[in-house]
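Number of protein chains: 2
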Amino acid sequence: MTMDGEARVLRDADLRIEGGRITAIGSAREDDDVAVRDLGGKIVLPGLVQGHIHLGQTLFRALAEERRLLAWLSERIYPLEAAHDDESAYWSGLLGAAECLLSGTTTIQDIGIGPGIEGLVEAIAESGLRALVGPCLMDSGPELPAALSKSSDEALQEAARVAAEIGRYSRLSFVLNPRFILSCSDALWDGIRSLAAEHEWPVHTHALEQKEETEEVRALKGGRDEITYFDEAGVLDLDLRLAHGVWLESQHLDALADRRVSVVHCPSSNLKLGSGLADVVAIRNHGLAVGIGCDGTPCNNDLDAFKELRLAALVQSVKHSPGALSGLEALRLATSEGARAIGLGDEIGSLEVGKAADLVVLDGERPELWAAPEADLHDVIAFGASRAAVVDVMVDGEWLVEGGVLRHLDLGAIRASSTRAWAALKQRAGLNL
Amino acid sequence: MTMDGEARVLRDADLRIEGGRITAIGSAREDDDVAVRDLGGKIVLPGLVQGHIHLGQTLFRALAEERRLLAWLSERIYPLEAAHDDESAYWSGLLGAAECLLSGTTTIQDIGIGPGIEGLVEAIAESGLRALVGPCLMDSGPELPAALSKSSDEALQEAARVAAEIGRYSRLSFVLNPRFILSCSDALWDGIRSLAAEHEWPVHTHALEQKEETEEVRALKGGRDEITYFDEAGVLDLDLRLAHGVWLESQHLDALADRRVSVVHCPSSNLKLGSGLADVVAIRNHGLAVGIGCDGTPCNNDLDAFKELRLAALVQSVKHSPGALSGLEALRLATSEGARAIGLGDEIGSLEVGKAADLVVLDGERPELWAAPEADLHDVIAFGASRAAVVDVMVDGEWLVEGGVLRHLDLGAIRASSTRAWAALKQRAGLNL
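Going line by line, the protein sequences match chains A and B. Each residue of the first sequence is one higher than the one before, counting from 212 in this note's numbering. Each residue of the second sequence is one higher than the one before, counting from 212 in this note's numbering.
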């Protein structure tokens with residue numbers, strides 16, 4: 212399943228990979244000196260792309276249930292994130308990365324954390340995932356613990372420092388991650404705008420996720436909603452990725468239509484926190500690229516992008532009409548369009564000559580994937596596939612998962628270390644859980 | 212995870228099974244002559260219960276996309292079901308049953324089919340599933356193919372004949388399955404009421420699934436909606452299970468509250484066909500037991516009950532508020548309450564002494580199920596588990612799945628035979644797909 216412009220499904224096809232790139236597809240030349248892997252009975256897809264994820268929250272799975280966004284943040288997520296150190300962030304990142312890889316995700320855009328960001332970056336690099344990442348930037352907000360609240364200058368300096376570190380890793384690149392308007396001062400947004408313009412760094416933030424959030428933004432910013440504020444602050448002129456966008460209205464979409472702005476849809480999180488049903492159809496109709504993300508384990512509580520793209524299609528069917536977002540289009544959010552939404556559309560997201568060899572191999576012989584030959588394979592995969600079907604995963608030409616097993620990571624050790632790191636973090640957080 | 216009244220989670224516990232029944236739980240006596248299975252690192256749940264499923268449609272996966280209910284039925288489902296014979300129905304049933312078992316479902320209430328019902332019953336019996344099943348009864352409706360439309364007398368005679376056949380299988384029991392009001396005449400409902408009362412047979416039907424359906428019912432029945440019609444026809448006094456119930460309103464729920472009526476919620480199907488978001492919270496608040504079902508592969512397109520219970524919780528969170536249906540309660544829909552909804556509450560649905568040994572064993576060491584000890588395991592399982600975690604499945608004390616593999620069924624043969632049976636069915640149906 213190429214997920215290229217024509218969404219070609221090639222049967223009995225070859226895929227040639229050299230130096231981490233796809234060099235032939237369809238029918239490949241066979242040389243004596245080439246390693247051949249027979250994938251008979253398997254289905255090959257581009258690796259899935261998650262445009263919004265918090266691997267720094269993996270240790271907090273199911274620890275913030277039954278709350279709407281602002282209480283979820285202030286009562287649980289802020290104090291827990293504030294208690295991270297490099298050690299706990301490293302294991303949180305590695306545990307989440309392992310789950311992503313085993314579920315067929317090969318690229319993430321991670322919104323980062325404050326304390327522990329170096330540990331998180333190290334874990335993501337070690338996992339082999341392709342990733343955009345940077346520290347989660349915050350400098351204000353009434354309920355922010357001291358550890359999360361730097362001055363805007365300190366936050367910007369940390370961003371630059373982490374950006375330099377990230378430059379050491381070939382599969383990582385840097386993204387500026389201001390958390391959201393309620394935790395970032397005007398000075399911080401101003402500094403972000405300058406840094407982004409200077410270094411051509413993309414900017415990734417939460418926006419219009421929940422009604423109360425937007426109401427608080429209006430109260431704080433003299434009646435301006437997120438999009439108006441960003442427009443006046445020059446943020447809409449950047450390479451900007453908005454996570455959620457549940458409450459984007461048509462006047463917002465008009466303002467965004469000619470900018471370099473994309474939206475990352477997080478349907479499980481949006482249902483679970485009671486945020487609402489984002490209008491992905493309207494967003495796409497305005498020409499914006501839409502990606503998809505599992506958000507984090509305290510609000511999903513799962514990192515399987517197949518569940519997410521399936522839910523995206525289901526939600527648009529009930530919001531508009533059956534097939535308003537087809538199986539094929541849902542798969543696009545997690546592949547070609549999802550790659551475009553995070554600026555990697557030329558590099559990944561489809562199986563095409565010249566693109567990086569990031570792919571997921573599914574077991575096409577599982578009963579849930581049996582379908583008549585007349586069925587559209589995109590519908591079969593979009594609605595029936597899950598991590599259960601994932602057999603092998605490749606990033607940059609390197610097999611990271613083979614036969615459903617991580618080649619390079621010891622899952623038992625990650626689990627045990629995560630449990631130890633959590634116990635220490637909980638002590639530091641002093642929360643009564 | 213007992214899913215008993217207190218929802219106890221026992222750690223390092225034993226479960227003793229004798230003659231297909233649970234005879235001890237917590238700490239079991241160990242005899243020399245008892246086979247012991249070490250489930251260290253595993254999580255044991257009651258087998259999942261699906262109260263509404265169409266295994267006769269498994270061959271039609273992804274062949275009726277992007278349609279609302281009535282077009283979905285008339286353009287695809289009716290002509291395809293009409294073309295079934297015993298051979299195609301057998302393979303459809305076995306393929307679907309294999310998928311159910313591998314996903315941890317141990318009991319189903321299947322709404323049956325018309326032609327081929329004997330083949331379907333044989334397949335379900337052979338699969339080892341516990342099941343309620345019977346022919347899908349229809350005798351009217353403008354768009355019904357001849358093969359589906361018997362006279363009411365013929366339909367009732369077939370029901371009695373299949374009931375007698377089903378009596379030969381210990382894990383099967385009979386249910387009267389009138390499809391819905393639009394395909395059943397007054398005479399058929401009258402005959403169903405008589406047969407049900409005489410034999411104490413339960414009745415399972417579709418109701419209030421989609422707005423247009425209810426509008427057609429009103430037009431056909433002199434302004435009466437489904438519940439009013441059923442009330443006047445004496446159907447509400449039966450042991451009645453209503454699939455969907457998306458458009459149940461408070462006056463309906465008041466009328467149902469003191470009857471033997473339950474509802475089976477099918478969230479994936481309800482989203483995918485654009486039906487709506489059923490108000491499970493209100494239905495349960497009126498005292499009705501609610502079960503869960505994957506419906507069928509042309510409207511889901513997946514038979515994993517874990518996906519379904521997760522979606523049930525997500526939908527109520529966005530319809531009401533986060534946690535309106537908690538992880539624990541979502542699991543109840545697929546276990547203890549789901550069993551009650553199909554009249555098997557005393558027999559299955561929880562791990563308790565005296566109940567049948569129907570259970571599913573999950574791999575608790577998968578990364579998506581890692582959580583801090585402070586997390587509620589019900590939330591971890593409800594939102595993170597899927598068929599990917601299913602290791603072993605037992606029905607009636609018999610292991611049917613071990614190590615993720617069906618012990619007694621040859622999946623390769625089922626797949627190949629399903630493909631052949633589909634080709635022949637497609638010829639008979641004469642549909643241009």
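Don't read these hints as lab results, they were simulated from the structure. Mixed in with the good hints, there may be bad ones.
Note: identical chains are not told apart, hence a pair may lie in one copy or across any two.
To be verified - Pairs of lysine-lysine, DSS-like flavour, derived with a Cα cap of 27 Å: (1) 637 with 253; (2) 361 with 637; (3) 253 with 361; (4) 422 with 530; (5) 422 with 253; (6) 530 with 361; (7) 253 with 530; (8) 637 with 422; (9) 637 with 530; (10) 432 with 361.
Quick rundown of the hints versus the structure:
1. 637 with 253: Answer is between: at 25 Å across copies they meet the 27 Å cutoff, but 43 Å inside does not.
2. 361 with 637: The answer is within: 22 Å in one copy meets 27 Å, while 66 Å across copies does not.
3. 253 with 361: Neither: 50 Å inside a chain and 44 Å across chains, both beyond 27 Å.
4. 422 with 530: both (18 Å within a copy, 14 Å between copies)
5. 422 with 253: Classified as neither; 44 Å inside a copy, 41 Å across copies.
6. 530 with 361: neither (41 Å within a copy, 37 Å between copies)
7. 253 with 530: neither (34 Å within a copy, 39 Å between copies)
8. 637 with 422: neither (31 Å within a copy, 50 Å between copies)
9. 637 with 530: Classified as neither: same-chain Cα gap 40 Å, cross-chain 33 Å, threshold 27 Å.
10. 432 with 361: within (21 Å within a copy, 68 Å between copies)
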